[in-house]
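Peer 1: Here's the letter readout for the chains.
Protein chains: 2
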Amino acid sequence: MPRQDLEYPREPHSTVKRYNHQAKYDLETIHGIVNAAPILHISFNVPDSPFPATLPMLGHMGSFDRPSADIGDVLEVYLHGYVSSRLINSARNSEKGLPVTVSASHIDGLCLTLTPNSHNLNYRSAVLFGYATVVDKLEEKLYAMEVITNGIIPDRWRNTRTPPNAAEMQSTSILRVKVTTGSGKVRTGSADLDKNYDLDDEDLVKRVWTGVIPMYTTLGEPVPRGDNRVTELPGYLRDFVKETNEDAKAYAYDAINVEVPKKKQDDDA
Amino acid sequence: MPRQDLEYPREPHSTVKRYNHQAKYDLETIHGIVNAAPILHISFNVPDSPFPATLPMLGHMGSFDRPSADIGDVLEVYLHGYVSSRLINSARNSEKGLPVTVSASHIDGLCLTLTPNSHNLNYRSAVLFGYATVVDKLEEKLYAMEVITNGIIPDRWRNTRTPPNAAEMQSTSILRVKVTTGSGKVRTGSADLDKNYDLDDEDLVKRVWTGVIPMYTTLGEPVPRGDNRVTELPGYLRDFVKETNEDAKAYAYDAINVEVPKKKQDDDA
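Chains A and B are the protein sequences, given in the same order. So the mapping is simple: our numbering equals the position in the first sequence, first residue as 1, plus 27. So the mapping is simple: our numbering equals the position in the second sequence, first residue as 1, plus 27.
FYI, nobody ran anything at the bench for these hints, they're computed from the structure. In this text the structure is predicted, and so the values were computed from the model without any measurement. Just to be clear, a hint being listed does not mean it is correct.
Because identical chains cannot be distinguished in the list, a pair is counted as satisfied if it fits within a single copy or across any two copies.
[Stated by the list, open to error] The calculated EDC-like cross-link candidates involving lysine to aspartate or glutamate, where the alpha carbons are at most 16 Å apart (straight line), are: (1) Lys-269 to Asp-32; (2) Lys-123 to Asp-266; (3) Lys-233 to Glu-248; (4) Lys-222 to Glu-195; (5) Lys-233 to Asp-254; (6) Lys-289 to Glu-273; (7) Lys-289 to Glu-248; (8) Lys-222 to Asp-254; (9) Lys-205 to Glu-167; (10) Lys-269 to Asp-182; (11) Lys-164 to Asp-92; (12) Lys-164 to Asp-100.
Produce the complete structure using the sequences and hints provided.
Peer 2: This is the structure:
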C-alpha cells in the first residue's frame, strides 16, 4: 500500500451527489472494485448519435512503466474487447485520446425492509473517467495482454501458449485509458431501519420479512473441452475456482457482519 | 409470446459490428437479458463534460398502457435510482426526453483455450437506446414501482407496506425510457477450437487445460434484520432464492450443453 492513501480529485462529473457518506475516492478502493469485475462497461460519445455507445469489455488496471505498482497507486486501465472496432478507430483518431467512462459494479446483497421505498442493495460500484488510446508499443501490448489474462485467471498466461504470434498481435487491439478522475460507492450493512410509523405497526412487522439476501458470483465445476488432454484440473485453476468462490461468498456475508453459514442451504440448486 | 417475433431496427449505433452471428435483435431475447439483470448501467451525455455519465440503476421493463404485454412486445424501461438527481433534472429539461443508453450484461462462463488470444466468455449482453422522461402520473409511477420491486423479487410488493405514502411518492423519482432501438449479443458453447498449429503441438495440448468454467450468480441464506419478527422465511422468498439459484446455475451449464453436476464441489466455499 502507498504510504498515504491516494485519492482522485473531486470534479463535477465525478462527484457522488447523493448518499455521499457512501462515496469513495481513494484509489485502492476504486481500483479494487474495477479489478474485481470480470467485465467493465465502457461508454463514449459517438459523433452522429445523441446516445453514448456502451460496450462490455475485458479490462484490468496496471502500470507498464512501474509494473510493481500497488493497487492503490496511479494506474492505467488496459482494455481488450472484440466489439470495439468503432472504439478503436475513435481512439486512434482523437489526439489526446478518446474520452471514455469506465464502469464496474458488483451486487453483494438485497436489503429488504418493511416498505419497498426503503429497500436497498449492498453493492460496490466504481466509475473512472479518462482518455483511451491504442497501445502500439509491442512490449506494452504484451504486458497488457498478460495483465488482462491473469487479471481474470491468476497465472493463466504462463500456463498457455505464449507469447501470441505475429498474426495474433496484429489482430488484437489493446486500449490504455489514462485515468483523470473517478469515484466509487460502497454500501454494506443490514437493511436500513424503517420509519417509526412502520416499525410501530404490529400487523406489518409480523407479516413482512426484513433482512438481507446475500448475493455473490459462483464459479461452477470446470467442464473440459472435448479434446482436452489435461485429465486432472491444474492446481492454479482448482485454486482459482475455490478461492474466487470463498472470497465472493465471504464478502457478501462480511458486508452484513455475519459468518458464512457452514451448511450450504444457499446452494440447494 | 407475440405471434411473430418483433425485432429492433438495425441502426448504425445499434448494429453489432463484429461476431454478428452472435447478434440478437428480437425483443424477447433483448428484454429478457435486461430483466434478468439486477442492475442496469445508464449512460447519457453531460453538457460540460467530454465523458458520458454512467450510473448503475434498478430497472425493469413494462408497459403501463398494456400491463399484460409480453416480454417480446414493445415495452418501456422503468428506472429507479438514488444517485440520479443529475439524470432526473436532465430528463425533465429535455423536450422529447434525455437520450440514454441502457446496458445489461451477464457472464455465464469463462472459455479457456490453448492460447490467451482465443480465450472467450459465455455471456449475454443487451443495450437499449431511448429517451428518458420523468414519470409524473401517479398511477404510472405506482405501476413502475411495483414492476421494479417485483422485477427483483417476485411478489415482494404486496408482501410489504404498500402503497407508498405521499412523502415516499414525492421523494421517489421514476424514469420511463421510450426505447427507439437496441441490440443484444449472446455467446454460448464450449471453448473455441484452437488453430491447427496449436492443436498439433503435443507438448502444448498435454500441458494446457481447455474448457469452460461456468459462472453464475448465487443468492445466499437470507439473514434477518435484528428486529425482524417473521421467524420463518416466507414461501415466496424461499422460492425466489431456490429458483433464482437453480435457474442461474442451469443456464450456465446449459450454455455448454452439460447437465448441472449433482455434487456441489463448485460451492465448496
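Peer 1: Compare the structure with each hint and give your call.
Peer 2: Verification of the hints:
Within a single copy, Lys-269 and Asp-32 get their C-alpha atoms no closer than 31 Å, and across copies no closer than 42 Å, so neither meets the 16 Å cut-off. For the identical chains of this complex, Lys-123 and Asp-266 are neighbours neither inside a copy (41 Å) nor across copies (53 Å), given an alpha-carbon limit of 16 Å. In this homomeric assembly, Lys-233 and Glu-248 never come within 16 Å of each other (Cα to Cα): the closest approach is 41 Å inside a single copy and 20 Å across copies. Taking the shortest Cα distances, Lys-222 and Glu-195 sit within 16 Å of each other only across copies (11 Å), while inside one copy they are farther apart (59 Å).
Taking the shortest alpha-carbon separations for Lys-233 and Asp-254, only the inter-copy value of 10 Å comes in at or below 16 Å, while the best intra-copy value is 57 Å. Taking identical chains as interchangeable, the C-alpha atoms of Lys-289 and Glu-273 lie at most 16 Å apart only when both belong to the same chain, with a minimum of 12 Å there against 20 Å between chains. Taking identical chains as interchangeable, the C-alpha atoms of Lys-289 and Glu-248 lie at most 16 Å apart only when they sit on different chains, with a minimum of 11 Å there against 20 Å within one chain. Taking CA atoms no more than 16 Å apart as the test, Lys-222 paired with Asp-254 passes between copies only; the shortest distance there is 13 Å, against 60 Å inside one copy.
For the homomeric pair Lys-205 and Glu-167, the shortest alpha-carbon distance inside one copy (14 Å) is at most 16 Å, but the shortest distance between copies (43 Å) is not. Taking the shortest Cα distances, Lys-269 and Asp-182 sit within 16 Å of each other inside one copy (15 Å), while across copies they are farther apart (34 Å). For the identical chains of this complex, Lys-164 and Asp-92 are intra-copy neighbours only, at 12 Å inside a copy versus 56 Å across copies, given an alpha-carbon limit of 16 Å. In the homo-oligomer, the alpha carbons of Lys-164 and Asp-100 never lie at most 16 Å apart, since the shortest distance is 23 Å inside one protomer and 49 Å across protomers.
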